[in-house]
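Novice: One letter stands for each residue in the lines below.
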Amino acid sequence: MKPYAYVRAATLDEATAAYAGHSGAHYLGGGTNLVDLMKLGVTAPDALVDISRLPLDGIELRPDGALRIGATARNSDIAAHPVVRDRWPVLSQALLAGASGQLRNIATAGGNLLQRTRCPFFQDTAKPCNKRRPGSGCAAREGSHRDHAVLGHSPHCIATHPSDMAVALAALDATVELHGTGGERSVPAAEFHRLPGDRPEQDTVLRPGELITAIVLPPHSAGLPSAYRKARDRASYAFALASVAALVEVQDGLVRRSALAFGALAHRPWRAHRAEEALRGVEPTRAAVERAVDAELASAEPLRDNAYKVPLARNLACEVLTRLAGPR
Amino acid sequence: MTLLPGTDAPRTPQEPHGPHTGAAGEPAEATHSRITLNVNGTPRTLVVDNRSSLLDVLRERLGLIGAKKGCDHGQCGSCTVLVEGRRANACLLPAVAQDGYDITTVEGLAAADGERLHPLQRAFLDRDGFQCGYCTPGQLCSAVGMIAEAEAGHPSDATDPGHPAKTPVALTAAEIRTRLSGNICRCGAYPNIVAAVEDVIE
Ligand SMILES: Cc1cc2nc3c(=O)[nH]c(=O)nc-3n(C[C@H](O)[C@H](O)[C@H](O)COP(=O)(O)OP(=O)(O)OC[C@H]3O[C@@H](n4cnc5c(N)ncnc54)[C@H](O)[C@@H]3O)c2cc1C
Ligand code: FES
Ligand code: FES
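Those protein sequence lines, which keep their order, are chains Y and V.
Each residue of the first sequence is one higher than the one before, starting from 1 at the first, in the working numbering.
Each residue of the second sequence is one higher than the one before, starting from 1001 at the first, in the working numbering.
Wrong hints could be hidden among the right ones.
To be verified - In silico DSSO-like pairs for lysine-lysine, Cα to Cα no more than 30 Å straight-line:
1) Y:39 x Y:2
2) V:1166 x Y:39
3) Y:2 x Y:127
4) Y:127 x V:1166
5) Y:2 x V:1069
6) Y:39 x Y:127
It is worth saying that the hints were derived from the structure and are not from the lab.
Source: prediction; values computed, not measured.
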C-alpha cells in the first residue's frame, strides 16, 4: 500500500478544504470498503480525509414528517432506530440483511451508498476492467459472471451495485443530500447511481470532492407496508444474488400506490416503474402481480451464466408484493 | 524509529518516523501519526504508520496477539475486538482513525486480577466451543458485543419486525446464529458456540 497522509476533519468545510488541498485524497467513513480496496491495490489514495467524526451522525424526524439520516450514522444504528423500524421498515430490514454485525457497527450511511462493486475482476488489478482502468476491457464478460447484471448493462461493464440499503432507499423515494464547494444539492436516491454506459468508472453522479451529508426519507413513503427480501448463497453474511425492496398501499381492495426496486440485477438499484404502473388501480391478485413483475423483467438481458437471476428476482418480487398487499 | 516518551517499543522494525521526501523533492506530508489507544483500560501512546490497521498495531506493536488475522478483508471476523464497546473488525480499521478510543481485546475480557475468566470464556471451555481455537478470540469478542446489542434492543434479520424498539431481544438459537454470522469457524464448531452463548444468557 502506498504511504498516505491522514487528516481528521472536525467540520464540513474542513473536510472539503482538506480534500481540495490534497491531490489524490479520499474521504474515509468507516473504511470497510475503502481500506479493503486499498489493500487490494484497487484504490491508492495519497491522503485520507477522515469524516467519521463529523457531527453528521444524527437521525432526526423533521416537523414535516421526513427523516434525516446523517451521512456518518452507522448502519447498525439506522437499522435499530425506532422511527426507521416503525415508519420505514424496509430500510431497517435491508440494512440487517447486509454484511455482519461487526461490519454494520463500523459502516456509515454515506460509505454504504458509495461502496464499489464486488465484481472479482474489478478487485483483481491483474485483470482488465473498464471500471478500474477505463479502456482496458471487461474480463467479466467472457469470464465467470453468475453474480453480474441482467438489466441495464453495457458492452463496457456488467457489474452490479452491491448495497442492500440503496435498494430500499430507491423504493422509498429517498433523497441524498450533498455538500460541495459549489454549495448544496440533493439527488433522488434512485438516480444517485448511474448505469454503466460507456463511463463505467463513474458509479454515481457525485462530483469530485462532494460529500454526502445526509439521506432523507420523505413523509409520503412513511407508515406503509414495506419489506425487503434477499436471495444469497448462504443464509447470512453474503451479498445478494437478487433482492427486492417493496412498498404497497392498498385502498378499497385496489393498489393505490406501490414501489418496487430490485438489487443485484444492475449497476444501480433498479426501480421498477413499469411494474408499478401496471399495478396502479388494480386488484393485487397473484396473477396481476405476476403480470406486473413480468412486464418489468421483460427488458432483462441475461448473460451466459446468470439467466437464473430473472426467475429468482421474479419470485422474490411476487412473494413480497402479494404478502404486502394481502390481508393484514 | 524515534521513540516518544511513554511510547511502546515496536516489536518489529518500523519505517523511520520523520520528514519524508516526496517524489518532487518536496517534503512529503507526514505519513505517520502519534495516537493514543485506551487498550483494555490502559492508555498506549505510539507513533503509527497511517497505513497500519488496528489489528496490526495490536498484534505487532502492543504484543496483543489474541485478535487473529484470518482474511485481513473483513470476511471472517477472527480479528473482532470492541471499539468504544462495540464489536468491530480490527483488520479494516486504520489505527490512526481510532485515536482516543477505548479498545477491548480478548485479553481484556477476563477479570483484571487475571484470576476469573469472562463467563463466555468459561462457557466456551465447558461446551467445547472450538477445536483449533483460531477463531475463538473473535467469537468471544463478537459474542460479548452481540449480547449487549440484543440487550439494547438492536434487531437482527431474525427478529420479528414488530418487536418493540429499545426492548431487549430474546436470544434464540436462530438469533445467535445470524448475529454471529460474521465470525467464520473453519473447524465448524458452531453448534457448541451457540450452546456456550445460550449458557451465558440464561
Ligand atoms: C465481508 C463483507 C461483506 C459485506 N456484505 C455486504 C452486504 O451483504 N450488503 C451490503 O450492502 N454491503 C455489504 N458489505 C459492504 C459494506 O456495507 C460497506 O463496506 C459499507 O457500507 C461501507 O461503509 P463505510 O463507512 O465503511 O465506507 P468507506 O469504506 O469508509 O467508504 C466507501 C467509499 O465512500 C466514500 N465516502 C464515505 N463516506 C462518504 C461521504 N459521506 N461523502 C462522500 N464520500 C464518502 C469513501 O471515500 C469511499 O470511496 C460487506 C462488506 C464486507 C467487507
Ligand atoms: S481478519 Fe478481519 S475479518 Fe478476517
Ligand atoms: S475453532 Fe478452529 S476455526 Fe473455529
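Novice: Check the hint pairing residue 127 of chain Y with residue 1166 of chain V against an upper bound of 30 Å on the C-alpha distance.
Specialist: The hint is violated at about 48 Å.
Novice: Residue 2 of chain Y and residue 1069 of chain V: Cα distance at most 30 Å?
Specialist: holds, 21 Å
Novice: Would the pair residue 2 of chain Y and residue 127 of chain Y pass a check requiring their Cα atoms to be no farther apart than 30 Å?
Specialist: Cα-Cα ~20 Å, so holds.
Novice: Check the hint pairing residue 39 of chain Y with residue 2 of chain Y against an upper bound of 30 Å on the C-alpha distance.
Specialist: Distance of about 10 Å is within 30 Å: holds.
Novice: Does residue 127 of chain Y lie within 30 Å of residue 39 of chain Y when you go C-alpha to C-alpha?
Specialist: holds, 16 Å
Novice: Between residue 1166 of chain V and residue 39 of chain Y, is the straight-line Cα distance small enough, at 30 Å or below?
Specialist: Roughly 38 Å between the alpha carbons, so the hint for residue 1166 of chain V and residue 39 of chain Y is violated.
The structure does not agree with the numbered hints 2 and 4 stated previously, though it agrees with the rest.
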